[in-house]
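> Sequence:
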Amino acid sequence: MQAAPTDTPYADLTPEHALDILEALGMPVDGRLLQLNSYENRVFQVGLDDGGLVVAKFYRPGRWSDAQIHEEHAFAHDLAS
1 MQAAPTDTPY ADLTPEHALD ILEALGMPVD GRLLQLNSYE NRVFQVGLDD
51 GGLVVAKFYR PGRWSDAQIH EEHAFAHDLA S
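Residue numbers (the working numbering): 1 to 81.
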C-alpha cells in the first residue's frame, strides 16, 4: 500500500524547510527564495550569501527512479558545460 502524501516528509516540505535543508548541506542562504513551477516536484531558486543562486529540486517520492534522477542530473551538467 502506498503512503498517503501527508504520511511523508515531502508533504511537509515548506519553503522555509527547503532553506534549512540547504543550510544543513553547507550552502549559506541569504533568504531569497522563488518557488518555481513544477507539476510533480518542488523546485526552488534560492539566493546564497555570496550573491549566487542555486536551484534546489525535491523529487516527489515514488515518481522517479534513481536512474531517471541520475540521467536528469547528467543532462543538466551537460547543459552547464
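Since the hints were made in silico from the structure, they are not lab data.
Honestly, I wouldn't trust all of these hints.
Calculated pairs, EDC-like style, for lysine to aspartate or glutamate (alpha carbon to alpha carbon, straight line, at most 20 Å) [as the list claims (entries may be wrong)]:
1. Lys-57 x Glu-71
2. Lys-57 x Glu-23
3. Lys-57 x Glu-40
4. Lys-57 x Glu-72
5. Lys-57 x Asp-20
6. Lys-57 x Asp-30
7. Lys-57 x Asp-12
8. Lys-57 x Asp-78
9. Lys-57 x Glu-16
Simulated DEER-style distance windows between Cβ atoms [unchecked claim]:
10. Ala-76 x Asp-50: 18 to 26 Å
11. His-70 x Asp-49: 17 to 25 Å
12. Pro-9 x Leu-33: 13 to 21 Å
13. Ser-81 x Asp-20: 27 to 35 Å
14. Arg-32 x Gly-62: 16 to 24 Å
15. Ala-74 x Gly-31: 27 to 35 Å
16. Leu-79 x Asp-12: 28 to 36 Å
17. Ser-81 x Gly-52: 26 to 34 Å
18. Pro-28 x Ala-67: 14 to 22 Å
19. Leu-34 x Ala-80: 17 to 25 Å
20. Pro-9 x Ser-81: 26 to 34 Å
21. Glu-71 x Leu-36: 19 to 27 Å
This structure is a prediction, so every number in the text was calculated from the model and none was measured.
Here a beta-carbon is modelled for each residue, glycine too, at the ideal position from N, C-alpha and C.
> Against each hint, give a clear statement of whether it holds in the structure.
We went through each hint and held it up to the structure:
{"no.": "1", "hint": "Lys-57 x Glu-71", "result": "holds, 14 Å"}
{"no.": "2", "hint": "Lys-57 x Glu-23", "result": "holds, 15 Å"}
{"no.": "3", "hint": "Lys-57 x Glu-40", "result": "holds, 11 Å"}
{"no.": "4", "hint": "Lys-57 x Glu-72", "result": "holds, 11 Å"}
{"no.": "5", "hint": "Lys-57 x Asp-20", "result": "holds, 14 Å"}
{"no.": "6", "hint": "Lys-57 x Asp-30", "result": "holds, 18 Å"}
{"no.": "7", "hint": "Lys-57 x Asp-12", "result": "holds, 15 Å"}
{"no.": "8", "hint": "Lys-57 x Asp-78", "result": "holds, 17 Å"}
{"no.": "9", "hint": "Lys-57 x Glu-16", "result": "holds, 14 Å"}
{"no.": "10", "hint": "Ala-76 x Asp-50: 18 to 26 Å", "result": "holds, 21 Å"}
{"no.": "11", "hint": "His-70 x Asp-49: 17 to 25 Å", "result": "violated, 29 Å"}
{"no.": "12", "hint": "Pro-9 x Leu-33: 13 to 21 Å", "result": "holds, 19 Å"}
{"no.": "13", "hint": "Ser-81 x Asp-20: 27 to 35 Å", "result": "holds, 31 Å"}
{"no.": "14", "hint": "Arg-32 x Gly-62: 16 to 24 Å", "result": "violated, 31 Å"}
{"no.": "15", "hint": "Ala-74 x Gly-31: 27 to 35 Å", "result": "holds, 31 Å"}
{"no.": "16", "hint": "Leu-79 x Asp-12: 28 to 36 Å", "result": "holds, 31 Å"}
{"no.": "17", "hint": "Ser-81 x Gly-52: 26 to 34 Å", "result": "violated, 18 Å"}
{"no.": "18", "hint": "Pro-28 x Ala-67: 14 to 22 Å", "result": "violated, 32 Å"}
{"no.": "19", "hint": "Leu-34 x Ala-80: 17 to 25 Å", "result": "holds, 20 Å"}
{"no.": "20", "hint": "Pro-9 x Ser-81: 26 to 34 Å", "result": "holds, 33 Å"}
{"no.": "21", "hint": "Glu-71 x Leu-36: 19 to 27 Å", "result": "holds, 20 Å"}
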